[in-house]
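S.K.: Residue numbers (UniProt numbering), protein chains in the order written: chain A, 1 to 465; chain B, 1 to 153.
Note that these hints are calculated values from the structure, not bench results.
There could be a bad hint or two in this list.
[As the list claims (entries may be wrong)] Below, simulated EDC-like cross-link-like pairs (lysine to aspartate or glutamate); rule was C-alpha separation at most 16 Å, straight line:
hint, chain 1, residue 1, chain 2, residue 2
1, A, Lys364, A, Glu415
2, A, Lys77, A, Glu414
3, B, Lys118, A, Glu112
4, B, Lys144, B, Asp76
5, B, Lys118, A, Glu360
6, A, Lys371, A, Glu427
7, A, Lys261, A, Asp322
8, A, Lys176, B, Glu93
9, A, Lys39, B, Asp76
10, A, Lys42, B, Asp76
11, A, Lys193, A, Glu427
12, B, Lys118, A, Glu59
13, A, Lys88, A, Glu415
14, A, Lys16, B, Glu93
15, A, Lys42, B, Asp90
16, A, Lys353, A, Asp179
17, B, Lys79, A, Asp179
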Amino acid sequence: MDTTWELYEMFQAFLKAPSYHLALEAFLMVWVLWLIFHKSYKPERLELTEKEKEELIAEWKPEPLVPDSSKNHYALKPRVVSGALGKKITVNGTECLNMGTHNYLGLIDSPEIKEAAVKGLRKYGVGSCGPRGFYGTVDVHLDLEAQLAEFMGVEEAILYSYGFSCMPSAIPAYAKRGDVIFCDEGVSFPIQKGLSASRSQIVFFKHNNVEDLERLLLEQDDLDKKNPKKAKVTRRFLVIEGLYMNYGDVCPLIELLELKKRFKVRLFIDESCSFGVLGKNGRGVTEHFNIPVEDVDLISACLDYAIGSYGGFCCGSSYVVDHQRLSGLGYCFSASLPPLQSIVASVAIDVLKSKPELVEKLQKNARFAHKELQRLTKLLVCGDEVSPVKHLRLAADRAEAQQLLEQIVDHMQEEGVALTVARYIDEEEHLVPPPSIRLIVSAILDEEEISSVVSLLEKNSDTLL
Amino acid sequence: MMLGGTPGPTNPNSFWLRSKGMWLTYGAAVLGLHFVLLSFPFLSVAWAWTCTNIIHNTTVFVLLHFIKGTPWELGDQGKAHFLTHWEQIDNGEQFTKTRKFLTVVPIILFFLTSFYTKNDSFHFTINFASLLLVLLPKLPQFHKVRLFGINRY
């Protein structure tokens with residue numbers, strides 16, 4: 001009874017309601033009715049009729065699987081390599097001295113590495129059969145991560161199964177849409193892919209040009225001052241390479257660090273080419289410049305080159321690195337590194353620790369090769385003297401230079417030296433570097449071999465050019 | 001953010017609002033909230049309704065019209081990072097069924113509250129203000145508009 005009485009009371013109150021209230025309710029009622037009877041948009045997917053499907057199929061013209069390419073395209077004349085990529089390699093059946101692959105320390109063919117690989121194969125088999133977070137973690141992965149962290153003197157390292165996927169996963173794990181990334185123009189392809197995957201605003205500064213970077217950072221600073229609310233939620237990153245794969249020069253880290261501290265940007269360094277190469281113990285560019293590793297926010301490196309395994313890793317403070325265990329796409333969604341490769345990398349790091357003279361020898365060789373290469377009158381050596389990656393460039397227009405360099409490489413191969421012209425996917429690169437022969441110096445070469453290679457190069461370049 | 005060739009909604013954030021039984025669940029949740037409030041002996045029926053209305057509208061305002069991207073992990077939503085949940089519904093299309101439902105619910109709730117509070121002018125002021133808070137941002141005219149730059153970045 002009580003309830004009915006209350007309801008009745010309420011009904012009475014409704015009748016006595018002020019007119020503005022009733023008007024408002026009437027208006028809202030009309031709105032509701034309008035909404036109900038207004039034609040609603042259906043977001044469901046459009047279903048095609050059979051006829052429309054047929055038409056669409058008939059309209060479709062497939063693109064050719066292989067686009068038209070010139071007869072001189074290098075892919076049409078593949079060079080077949082058989083056997084391991086050690087000091088000597090067999091190219092198209094002829095044995096050559098290998099100066100084309102990134103085997104800086106010569107670890108690929110070393111007996112202890114081979115032995116470790118076979119042992120790992122016997123114990124763990126070939127693959128890991130799952131991503132790290134999904135039954136793919138094996139004890140050797142954790143060991144290698146701990147070992148890498150200890151070697152680099154950082155809190156934590158995270159292992160990727162493919163060197164190429166390391167930077168493209170690490171950059172978008174932190175930089176998002178709305179952030180700003182300052183990046184060197186000359187960074188290698190994987191980093192460029194990482195930049196575009198981040199969807200951030202990318203600002204390229206001229207290769208190794210600190211003044212240009214400073215100018216761009218000042219511009220950003222002005223923008224930030226005009227719009228402090230936006231600046232508050234914008235993160236700023238600086239992405240560089242320790243030793244530039246495409247140019248063979250070392251980054252001016254000391255000046256860059258000053259800018260990093262002044263403008264509060266987060267610094268990511270890709271040390272793919274400098275890990276195991278620069279510094280007294282091969283710890284990379286931070287050791288080369290005697291800078292505490294904590295000053296850099298994130299260091300990534302590829303294990304394919306100096307270490308002679310596969311995969312890559314990122315390292316830094318746990319606070320930074322741990323984020324990638326759920327946000328690094330290449331870490332979460334890719335099967336982990338084959339355990340046997342992890343063992344190979346572990347042994348290689350042990351070798352690196354126990355034989356720092358290997359790194360010293362490499363740097364000595366690189367310096368010697370740099371000095372020797374100055375003899376070439378027709379070819380210009382680019383890069384730092386300490387870098388094992390030497391780019392030999394030619395002062396000619398792009399197509400012509402490319403063709404001449406290819407010819408030199410062919411002649412060198414006939415005479416027993418395997419070299420390569422640096423290849424790029426021209427359409428995809430941000431800035432295609434000028435054509436060059438990419439010559440790699442390794443620790444297992446001796447000075448005589450380097451001298452004889454340079455003499456051969458001199459002879460061939462003089463006859464051809 | 002769906003990558004290369006994956007079939008699925010381009011923005012899965014608000015997809016669940018269209019799923020089966022959603023309207024029923026929503027109604028049940030509001031009713032549940034009201035029953036909980038009614039069970040407090042110190043709240044009169046009028047106050048229980050006003051509280052239901054205010055709590056509902058505040059929650060809707062925060063979840064649909066204030067938080068951008070998703071409630072958690074704000075950074076990784078791509079373009080949707082800058083859109084409120086309401087703006088993401090059905091990829092920004094206006095007058096879809098979900099949008100109509102979400103517009104009508106607070107109005108009905110306002111009617112009910114007015115009725116049970118006997119059109120008291122004090123309750124009316126509070127309830128009407130909270131209604132405006134959730135109705136105005138739902139208007140197509142306010143799509144992607146940030147008044148006075150509030151909550152812009």
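S.K.: Confirm or reject each hint.
M.R.: Right, here's what the structure says about each hint:
For a cut-off of 16 Å, the pair hint linking A/Lys364 to A/Glu415 is broken: about 26 Å separates their Cα positions. Proximity of A/Lys77 to A/Glu414 is assessed by CA-CA distance (about 15 Å); at most 16 Å being required, the pair is judged to hold. Between B/Lys118 and A/Glu112 the alpha-carbon distance is near 89 Å, which puts this suggested pair outside the 16 Å criterion. Of the supplied pair hints, the one linking B/Lys144 and B/Asp76 is violated, its CA atoms being roughly 19 Å apart against a limit of 16 Å.
The suggested pairing of B/Lys118 with A/Glu360 is violated, with an alpha-carbon distance near 90 Å, which exceeds 16 Å. With a C-alpha separation of about 35 Å, the suggested pairing of A/Lys371 with A/Glu427 is violated against the 16 Å cut-off. Distance check on the hinted pair: A/Lys261 and A/Asp322 sit about 23 Å apart at the alpha-carbon level, beyond 16 Å; violated. A hinted pair counts as satisfied when its Cα atoms are at most 16 Å apart, and A/Lys176 with B/Glu93 does not qualify at roughly 25 Å.
Simply put, A/Lys39 and B/Asp76 have alpha-carbon atoms about 35 Å apart, too far for the 16 Å limit, and the pair is violated. Of the pairs offered as hints, the one joining A/Lys42 and B/Asp76 is violated, with about 28 Å between alpha carbons and a cut-off of 16 Å exceeded. Annotation: proposed proximity of A/Lys193 to A/Glu427 holds, straight-line Cα distance about 13 Å (limit 16 Å). Straight-line distance between C-alpha atoms of B/Lys118 and A/Glu59 comes to about 67 Å, which puts the hinted pair past the 16 Å bound.
Between the alpha carbons of A/Lys88 and A/Glu415 the distance comes to roughly 13 Å, so the proposed pair stays at or under 16 Å and holds. Taken as a hint, the A/Lys16 and B/Glu93 pair is broken in the structure, with Cα atoms around 41 Å apart against an allowance of 16 Å. Between A/Lys42 and B/Asp90 the CA atoms are separated by roughly 9 Å; this keeps the pair inside 16 Å, and the hint holds. For the hint pairing A/Lys353 with A/Asp179, the CA-to-CA distance comes to about 39 Å; that exceeds 16 Å, so the pair is violated.
Restraint check for B/Lys79 and A/Asp179: satisfied, since their Cα atoms lie roughly 12 Å apart, inside the 16 Å limit.
In this structure, the hints that do not hold are numbers 1, 3, 4, 5, 6, 7, 8, 9, 10, 12, 14 and 16, in rising order.
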